[in-house]
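Asks: Between the sequences and the hints, there should be enough to build the whole structure, so can you do that?
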Amino acid sequence: FIAQIDADTIFHTWVDEELLFDDLGRPRVTGISHWSDFSPVLNVLGLQTDFDFMAAQPMVLRREHFAETRRFVTVAMKADNFDQAYALLTHAVMRNETPGAVAQTRHVPSQQSVMG
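Numbering (our numbering), first residue to last: 114 to 229.
You may find that some hints are simply not true.
Simulated restraints on C-beta separations [as the list claims (entries may be wrong)]:
#1 G138 with R184: 40 to 48 Å
#2 P212 with T162: 17 to 25 Å
#3 G138 with A214: 42 to 50 Å
#4 L137 with G213: 48 to 56 Å
#5 G213 with I123: 21 to 29 Å
#6 D150 with R208: 16 to 24 Å
#7 Q197 with L132: 14 to 22 Å
#8 G138 with N209: 35 to 43 Å
To be clear, the hints were calculated from the coordinates, so they are not data collected in a lab. C-beta: ideal position from N, C-alpha, C; glycine also.
Replies: Shown next as structure tokens:
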């Protein structure tokens with residue numbers, strides 16, 4: 114497993130195994146289901162846009178899920194490799210916005226939102 118956090122995360126309690134995993138050893142992945150800061154990116158990838166997985170940190174994921182997510186993005190963007198897919202994704206997000214819109218944080222592909 115890999116536990117990841119945002120660079121600006123502040124822990125206000127100890128992070129231990131019982132907070133990260135359930136009784137069966139599965140990682141706890143916490144999301145909220147009423148909005149997402151990254152809905153423009155999720156929309157381009159054809160994912161549900163009303164979830165946000167940045168509600169709790171750290172996010173614990175299986176190592177193999179990182180490669181699977183890169184493959185998903187590559188296939189979704191009809192690209193030859195992940196680098197090309199990432200470039201296509203960032204451009205596609207802005208094409209779906211109102212002409213003249215200024216790029217904002219919500220337009221950046223969020224690995225946590227996509228993997229959630």
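Asks: Indicate, hint by hint, whether the structure satisfies it.
Replies: Hint check:
Checked against the hint of 40 to 48 Å, the pair G138 and R184 fails, with Cβ atoms roughly 25 Å apart. Checked against the given bound of 17 to 25 Å, the beta carbons of P212 and T162, roughly 21 Å apart, stay inside it. In this structure, G138 and A214 meet the distance hint of 42 to 50 Å, their C-beta atoms being roughly 44 Å apart. Look at L137 against G213: about 50 Å separates their beta carbons, and that is inside 48 to 56 Å.
As the Cβ distance of G213 to I123 is approximately 36 Å, the hint placing it in 21 to 29 Å is violated. The hinted window of 16 to 24 Å between D150 and R208 holds, with their beta carbons roughly 19 Å apart. Separation of Q197 from L132 is about 38 Å and departs from the stated range, judged on CB atoms against 14 to 22 Å. Between G138 and N209, the C-beta spacing of about 39 Å keeps the proposed range 35 to 43 Å intact.
Checked against the numbered hints above, the structure breaks hints 1, 5, 7 and satisfies the rest.
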